[in-house]
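Order-wise, the sequence lines are chains A and B. First residue of the first sequence: 1, per my numbering; consecutive thereafter. First residue of the second sequence: 54, per my numbering; consecutive thereafter.
Hints in this document: simulated from the structure, not taken from any laboratory. Being a predicted model, the structure only gives us computed values, none of them experimental. Virtual Cβ for every residue (Gly too), placed ideally from N, Cα, C. The reader is advised that the hints may include incorrect statements.
Output of the computed footprint for chain A on chain B, the stretches with three or more beta carbons under 8 angstroms from beta carbons of chain A [claimed, not checked]:
#	segment
1	107 to 117
2	183 to 196
3	268 to 280
4	301 to 315
Quick list of in silico lysine to any residue cross-link-like pairs, SDA-like style, CA-CA up to 25 angstroms [said to hold, decoys possible]:
#	chain 1	residue 1	chain 2	residue 2
5	B	Lys68	A	Ala40
6	B	Lys228	B	Glu207
7	B	Lys68	A	Met1
8	B	Lys68	A	His35
9	B	Lys228	A	His35
10	B	Lys183	A	Leu16
11	B	Lys68	A	Ile22
12	B	Lys228	B	Leu145
13	B	Lys183	B	Arg259
14	B	Lys183	B	Leu145
Quick look at which bits of chain A chain B covers, simulated, 3 or more residues with Cβ under 8 angstroms [stated by the list, open to error]:
#	segment
15	1 to 14
16	39 to 52
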Amino acid sequence: MANCPECEAEITIQGLIVGEIIYCPDCNAELEVLHLEPPAVALAPEVEEDWGE
Amino acid sequence: MRLAILTSRIRVEEKLLIDALTRRSIAHAIIDDGELLFDLSHPDERWQQYDAVLCRTVSQSRGLAVLNVLESWGVRVYNSAAVTATCNDKLLTTLALLRAGIPTPRTLLAFDAQQTIRGIEMLGYPVVLKPTTGSWGRLLARINDRDAAEAVLEHQETLGSYQHHIHYIQEHIAKPQRDIRAFVVGDRTICAIYRTSQHWVTNTARGAVASNCPVTPELDSLCVRAAQVVGGGILAIDVLEDPQRGLLVNEINATMEFRNSIAPTGVDIPNAMLDYVLSGVQEEVLR
Numbered sequence: 001m002a003n004c005p006e007c008e009a010e011i012t013i014q015g016l017i018v019g020e021i022i023y024c025p026d027c028n029a030e031l032e033v034l035h036l037e038p039p040a041v042a043l044a045p046e047v048e049e050d051w052g053e
Numbered sequence: 054m055r056l057a058i059l060t061s062r063i064r065v066e067e068k069l070l071i072d073a074l075t076r077r078s079i080a081h082a083i084i085d086d087g088e089l090l091f092d093l094s095h096p097d098e099r100w101q102q103y104d105a106v107l108c109r110t111v112s113q114s115r116g117l118a119v120l121n122v123l124e125s126w127g128v129r130v131y132n133s134a135a136v137t138a139t140c141n142d143k144l145l146t147t148l149a150l151l152r153a154g155i156p157t158p159r160t161l162l163a164f165d166a167q168q169t170i171r172g173i174e175m176l177g178y179p180v181v182l183k184p185t186t187g188s189w190g191r192l193l194a195r196i197n198d199r200d201a202a203e204a205v206l207e208h209q210e211t212l213g214s215y216q217h218h219i220h221y222i223q224e225h226i227a228k229p230q231r232d233i234r235a236f237v238v239g240d241r242t243i244c245a246i247y248r249t250s251q252h253w254v255t256n257t258a259r260g261a262v263a264s265n266c267p268v269t270p271e272l273d274s275l276c277v278r279a280a281q282v283v284g285g286g287i288l289a290i291d292v293l294e295d296p297q298r299g300l301l302v303n304e305i306n307a308t309m310e311f312r313n314s315i316a317p318t319g320v321d322i323p324n325a326m327l328d329y330v331l332s333g334v335q336e337e338v339l340r
């Protein structure tokens, strides 16, 4: 279990992949999975100008 | 067979590709572009363990840089650096399309605000101003009159980076509240969607709704030709329907997003991408 850095809600990361983008179920913050063991998430990086297809 | 997928973040598309690789029992590694450090004079042997690297990084500039390094080290990459460089830049894409005689909206280029106004008024209002780089419909401006033109240009000149001082002026196409996104893999258009929106910007990233678009022989031929003129590979072709001229190729995307296109088309896009990469690797082995 990880905690949302924005609202401290508990985040389940079972079955996820490092680098995956998820949304906090409580505050809807966009989060990036940093580690599976120990579980850790961080606020996902803001979209940059060169991001895209 | 061992593949690497280069990523910045794991989006739905990357998860679908990873799932497809896992289901096909293909060994693979996920490489985060943020963790890379290249000593350019000492090719890193670890890249030689991969038969191919599929670039899925969300940063166009990082992705292109990595592709250039890996290609120079003899690593097979998808899409190639040259293809990616052309598709990342709307000016280069337009020039490639024009050289091949592929129908595309009329486009002017200017650097000075006064010349840009002159160009806009040569085309006639409305026109579309776009940054030459960028994606997801960001920073597009439909210019309906001279007041808007002067305001947007002043903002670009004052607030924009040097890249925003290159003014790419495109005629506005009176499309029917939709455009077409066609997926070309190798020499075939595997499927296409309509992207429908009440807004004039019809990117799904901006809320457009995807529905199946039949791949007619005309659409297939146009899109395959467009893909080939930028070098070919795994590409998403954006097509506009002009009421008089018919289909016009607008842009080409080298790191295509497809999450919204599988359900309406019924086509397994990630597996089609992998089929193409694997066949390329196998051809290389047989050579």
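Hint check:
{"no.": "1", "hint": "107 to 117", "verdict": "holds (count 5)"}
{"no.": "2", "hint": "183 to 196", "verdict": "holds (count 5)"}
{"no.": "3", "hint": "268 to 280", "verdict": "violated (count 0)"}
{"no.": "4", "hint": "301 to 315", "verdict": "holds (count 5)"}
{"no.": "5", "hint": "Lys68(B) x Ala40(A)", "verdict": "holds (19 angstroms)"}
{"no.": "6", "hint": "Lys228(B) x Glu207(B)", "verdict": "violated (28 angstroms)"}
{"no.": "7", "hint": "Lys68(B) x Met1(A)", "verdict": "holds (21 angstroms)"}
{"no.": "8", "hint": "Lys68(B) x His35(A)", "verdict": "holds (17 angstroms)"}
{"no.": "9", "hint": "Lys228(B) x His35(A)", "verdict": "violated (46 angstroms)"}
{"no.": "10", "hint": "Lys183(B) x Leu16(A)", "verdict": "violated (37 angstroms)"}
{"no.": "11", "hint": "Lys68(B) x Ile22(A)", "verdict": "holds (12 angstroms)"}
{"no.": "12", "hint": "Lys228(B) x Leu145(B)", "verdict": "holds (24 angstroms)"}
{"no.": "13", "hint": "Lys183(B) x Arg259(B)", "verdict": "holds (16 angstroms)"}
{"no.": "14", "hint": "Lys183(B) x Leu145(B)", "verdict": "holds (14 angstroms)"}
{"no.": "15", "hint": "1 to 14", "verdict": "violated (count 0)"}
{"no.": "16", "hint": "39 to 52", "verdict": "holds (count 7)"}
Hints 3, 6, 9, 10, 15 from the earlier list are contradicted by this structure; the remaining hints agree with it.
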